[in-house]
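**Student:** Starting from the known structure of chain A, fit chain B onto it as the hints suggest.
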Amino acid sequence: MTVHPGRLEVIDRPLRSIRLANFRSIPGDIRLPLDAQVILVHGPNGSGKTSILSGIELALTGEVESLARLDDHYFAHLPHHGEDFAAVEIEVADEAGSVQRHNMMTVGPSGLKGSPALEGARRRFYSERSYLDQFSLGRLLEIYQHTETNQESSLERFVNELLGLDELDALIEGLDDTLDIRRLRKTVDRFAEAERNQASLASQRKELTSQLRNMSDSIETQESQLAEMLNDLTLVEFGASELLTPDSLAEHVDAAQLSDRRSQAVAAVDQLTELRGRLMSIEARPSQARLQEALELRDEAKVQLDSWWTEHQASISELLSVAQSLNLAVGDQKSEPAQLLDLRAELSLELEQSEASLRQHQAATEDTATIQQELETARLRLLSTSSEIDNLEASVGTLATGLSALMEHVDGEICPVCDRDFSEMPGGGLRSHLAAKVDRIAEQGDELRARREERSGLERQTGELERRIDLVNRSVLPDVEFERTKDRLSRLQALGADLESATRWLLEGVDAQGRLRESEANVIDGEQASQEREEVGRGIAELGGQLNIDISGRTTSDALEVLLNTARDQVSAYASQQATYTAAIDLAAQLQEKRSELAESTKTIAALTYRQDELDAQIEMAKKRRDSARSVHTAALDERSDIIRRVFTQSLNKVWRDVFVRLAPDEVFVPAFGLPQAGRRSVSFDLQTIHRSGQIGGSPGAMLSAGNLNTAALSLFISLHLAVEPTVPCLVFDDPVQSMDEVHVAQFAALIRTLSKQLSRQVVIAVHERELFDYLCLELSPAFQNDRLITIQLGSQTSSSREPFVELIDFKPDLAVAM
Amino acid sequence: MQPLDTVLALLDQAGFRLLEMPFVIGGAAFEFDAALVATGHSQDLVVVVGPRAERQRTAEMLGGMNRALDMLASRRPVTVVLVGEPPPRETLRRIQDSARLLNVGDTDSEEAIGDSLAVLLPLDLPQAGAASAPPLDGLVHRLGKSGADEVAAIVRAATQGHEAVRAAMRDHVEAAFDSSSGTT
Numbered sequence: 001m002t003v004h005p006g007r008l009e010v011i012d013r014p015l016r017s018i019r020l021a022n023f024r025s026i027p028g029d030i031r032l033p034l035d036a037q038v039i040l041v042h043g044p045n046g047s048g049k050t051s052i053l054s055g056i057e058l059a060l061t062g063e064v065e066s067l068a069r070l071d072d073h074y075f076a077h078l079p080h081h082g083e084d085f086a087a088v089e090i091e092v093a094d095e096a097g098s099v100q101r102h103n104m105m106t107v108g109p110s111g112l113k114g115s116p117a118l119e120g121a122r123r124r125f126y127s128e129r130s131y132l133d134q135f136s137l138g139r140l141l142e143i144y145q146h147t148e149t150n151q152e153s154s155l156e157r158f159v160n161e162l163l164g165l166d167e168l169d170a171l172i173e174g175l176d177d178t179l180d181i182r183r184l185r186k187t188v189d190r191f192a193e194a195e196r197n198q199a200s201l202a203s204q205r206k207e208l209t210s211q212l213r214n215m216s217d218s219i220e221t222q223e224s225q226l227a228e229m230l231n232d233l234t235l236v237e238f239g240a241s242e243l244l245t246p247d248s249l250a251e252h253v254d255a256a257q258l259s260d261r262r263s264q265a266v267a268a269v270d271q272l273t274e275l276r277g278r279l280m281s282i283e284a285r286p287s288q289a290r291l292q293e294a295l296e297l298r299d300e301a302k303v304q305l306d307s308w309w310t311e312h313q314a315s316i317s318e319l320l321s322v323a324q325s326l327n328l329a330v331g332d333q334k335s336e337p338a339q340l341l342d343l344r345a346e347l348s349l350e351l352e353q354s355e356a357s358l359r360q361h362q363a364a365t366e367d368t369a370t371i372q373q374e375l376e377t378a379r380l381r382l383l384s385t386s387s388e389i390d391n392l393e394a395s396v397g398t399l400a401t402g403l404s405a406l407m408e409h410v411d412g413e414i415c416p417v418c419d420r421d422f423s424e425m426p427g428g429g430l431r432s433h434l435a436a437k438v439d440r441i442a443e444q445g446d447e448l449r450a451r452r453e454e455r456s457g458l459e460r461q462t463g464e465l466e467r468r469i470d471l472v473n474r475s476v477l478p479d480v481e482f483e484r485t486k487d488r489l490s491r492l493q494a495l496g497a498d499l500e501s502a503t504r505w506l507l508e509g510v511d512a513q514g515r516l517r518e519s520e521a522n523v524i525d526g527e528q529a530s531q532e533r534e535e536v537g538r539g540i541a542e543l544g545g546q547l548n549i550d551i552s553g554r555t556t557s558d559a560l561e562v563l564l565n566t567a568r569d570q571v572s573a574y575a576s577q578q579a580t581y582t583a584a585i586d587l588a589a590q591l592q593e594k595r596s597e598l599a600e601s602t603k604t605i606a607a608l609t610y611r612q613d614e615l616d617a618q619i620e621m622a623k624k625r626r627d628s629a630r631s632v633h634t635a636a637l638d639e640r641s642d643i644i645r646r647v648f649t650q651s652l653n654k655v656w657r658d659v660f661v662r663l664a665p666d667e668v669f670v671p672a673f674g675l676p677q678a679g680r681r682s683v684s685f686d687l688q689t690i691h692r693s694g695q696i697g698g699s700p701g702a703m704l705s706a707g708n709l710n711t712a713a714l715s716l717f718i719s720l721h722l723a724v725e726p727t728v729p730c731l732v733f734d735d736p737v738q739s740m741d742e743v744h745v746a747q748f749a750a751l752i753r754t755l756s757k758q759l760s761r762q763v764v765i766a767v768h769e770r771e772l773f774d775y776l777c778l779e780l781s782p783a784f785q786n787d788r789l790i791t792i793q794l795g796s797q798t799s800s801s802r803e804p805f806v807e808l809i810d811f812k813p814d815l816a817v818a819m
Numbered sequence: 001m002q003p004l005d006t007v008l009a010l011l012d013q014a015g016f017r018l019l020e021m022p023f024v025i026g027g028a029a030f031e032f033d034a035a036l037v038a039t040g041h042s043q044d045l046v047v048v049v050g051p052r053a054e055r056q057r058t059a060e061m062l063g064g065m066n067r068a069l070d071m072l073a074s075r076r077p078v079t080v081v082l083v084g085e086p087p088p089r090e091t092l093r094r095i096q097d098s099a100r101l102l103n104v105g106d107t108d109s110e111e112a113i114g115d116s117l118a119v120l121l122p123l124d125l126p127q128a129g130a131a132s133a134p135p136l137d138g139l140v141h142r143l144g145k146s147g148a149d150e151v152a153a154i155v156r157a158a159t160q161g162h163e164a165v166r167a168a169m170r171d172h173v174e175a176a177f178d179s180s181s182g183t184t
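Chains A and B, in that order, give the protein sequences.
With the numbering used here, the residue at position 165 of the first sequence is 165, and numbering never jumps.
With the numbering used here, the residue at position 76 of the second sequence is 76, and numbering never jumps.
A couple of the hints might just be wrong.
Below 25 Å or equal to it, Euclidean Cα-Cα: the simulated SDA-like pairs (lysine to any residue) are [stated by the list, open to error]:
id, chain 1, residue 1, chain 2, residue 2
1, B, LYS145, A, ASP627
2, A, LYS186, B, GLU150
3, A, LYS186, B, PHE177
4, A, LYS812, B, GLY64
5, A, LYS186, B, GLY161
6, A, LYS654, B, GLU150
7, B, LYS145, A, GLN590
8, A, LYS603, A, GLN590
9, A, LYS812, B, MET71
10, A, LYS623, B, LEU121
11, A, LYS623, B, GLU150
12, A, LYS624, B, ASP149
13, A, LYS812, B, ARG67
14, A, LYS624, B, ALA167
15, B, LYS145, A, ARG646
16, A, LYS624, B, GLY64
17, A, LYS623, B, ALA167
18, A, LYS624, B, GLY161
19, A, LYS624, B, GLU150
20, A, LYS624, B, ALA152
Partner residues aside, some chain A positions facing chain B, computed with beta carbon under 7 Å [stated by the list, open to error]:
id, residue
21, ILE643
22, ARG662
23, LYS757
24, GLN758
Because the hints were derived from the structure by calculation, they are not lab data.
Ideal Cβ positions, reconstructed from N, Cα and C, are used throughout, including at glycine.
Bound-form chain A, shown alone (with noise of 0.2 Å):
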């Protein structure tokens, strides 16, 4: 970029004018143009040349930054001196090019008044890049180092503003977790819980693979167990590839068939059981022999009791007759001699009855004459007690509840019934005579009361009296009946007499009686004996031939046993298999559980597996993508490193260095920013020096001489200036050569030059030499056509004029030179 061919009037010159009232060493009130692409300003030291340029400044950033520094309160000296307040008022042009005069800015002891014409980021640029005041200058390379604190100078701002890095730094610092997998666990939450899920699923694959191991090597176990039942069962058709369910075992192995087969089994071993048990009784019982002694025993028996019975029969009709007379309980169970016997007992016991009867009735007899006297007394006394109470009763009755009526009516001595003064009568009022009566009829009553309660007392005597009385008859027996139990106490006696003595041959007969009953059970018992052997030897014998077993030839206890044991032998057979088959049932049906399980097993597996592959290529793929997102920061770095080395060197050293060697053109030592490192955030750097052949020397402030050092900074604050888009198009220079030696006035007047023609900056200079003025007056004639130049000329404060001398210099063309 060199020219802008078409950039030539408008917005070169920012600045159009600027009018001065009373401020700092300018008296009175002026108006200076600024209209032309370089204004001089010419004047010795004093003559206000600084108050033109800090007038500009105050106006523009609305602040004049060197007093600033020195003290808070400058406005107050801003004023010319014996003024009270100053005004400074400029005319601006902005980026469209329309020149606005702004508002007058008024300042004074109470403060300034008004807005500056420029905001924010070109207030910023006039004040950092466009004006060089005369005490920056100095300070400039100190400014402009890097210091040790961390506070960004203003110069490194620049250039991290320059470099534009906000938006890598982002990057990089936003991507630094894609360097460390820990951190980037931290920050990605589902890589880590994708980790974790790997881990778990492993953990977990693992221990059901072995669960599966165990259930396999479970289910081949009982298989073989299974097998060996079978073997039992002798059911050996089935194949051992055959899987066997509790449905298909059902099917080969008739259950029920068993089942019964069991039962009959039982059946004989109860049936045996039960005819051994009656052959053993019938051991215990008569034999053959023995019988035959039985009948004979009866037979002898039964004559014997005949015969006492035509003996006595007679007798016992009789006396029996006689119990029956007097009403006497005979059981008839029994044989008729042993209800006699039997009938003792119970004589002796009406006969005491009776007698019991008897003296009862006498007894009572004799109360009741006692009783009745008294109760006769006790009516007396109660006659004689009512009538009294009724007596007492008249007397108290209505008397009482009259007189206590009347009292309600008595008021005063007045008698309520004679209307007579009671008063007349001795002893006390009415009222209290009433009283007296009252109380008189209370003490009646109280007697009254007792005699009641006498009264009371005598009625319950009298009632219990007679209750007794009551009682007591209860026990006397009416004259018949007095008669009839004496008669049957004496007929009692007498039949018990006659028992007494017939006692001996009662006892004869039911002895008798006993023996044939005894004999005739011997009989029986024989002849069942008989019977039962037989029938035993037939169960046997059936059951011989249920079980086929023969028994020809063995004693019936023998059979017997042998029998018994064969058919418990079959019992436990069938028992066992039963067990078996369904101990069998049972583990087939473990069996075939535990297959479904191992499916199931099989199938979680299968399914975990199939999700860890998944999750596997899902954390492949992050990992992929965290690769991916590192190369940014990668990218982000180099191109970082990139572009500040591009800037640092190709654009600030490039410029510095041209600046420099046009302003110093024999100094070997070219200053330079040494390239920074790129640190986190901001670059922070240091200024070195690079000898023409290349070499790095020190740092400028040990390189280059005091007046180099100068012109080192005044050509990094124009370079600084260059290396942006201006911002404000503009160059204000105070008395900039005053502090450089060995700078060549021509070197620096043909930078303006090319600053102000060749860039199109709008330059301002101030100068007190008068020789550099000249020389710049000519140096910095307009070239072209609407290329101007100012001069502003300032009278020392003791010379007569102080108006400024302005001259506007326009372009004329050159005729000398044949074009």
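**Tutor:** Relative to chain A, chain B alone:
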């Protein structure tokens, strides 16, 4: 290339036009090893004195030329480019009185010659704001088209600060877990 030729070449590049020898100012003719005038925003008149030119004579001629210019009230700045051995100090001073003196000296190096001529040459500024190309563009270029597409969201987030970038990275990585098939 001879230094003199280098000088002429550089000046030519900078927009100077070679004058025919001799050239005339105000009726007087002048001749040097070379003379050029600037075109464009400059009125420089440049006289080039080669190594074989006689220094003393050159000084006298320069003086004459200046007088001629003055008479015509010309405001053209005059620059003398001395190639070769510098003249004695006295001559040097005489030349300097009338013109800006640029001493190229004996060097062959184009860079050194350019440095000497710097004030006459335009100041080449690199693209203003060398980083005017958005840094992100450079980044995207590094990543390549396919690389950049993949991480487009992350790069976009850069304008919103490092936390936004971190979040975008997280999203980018976590996207791996969204697909159920586990493939891209």
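**Student:** Checking each numbered hint in turn, tell me which of them this model violates, lowest number first.
**Tutor:** 6, 7, 10 and 16
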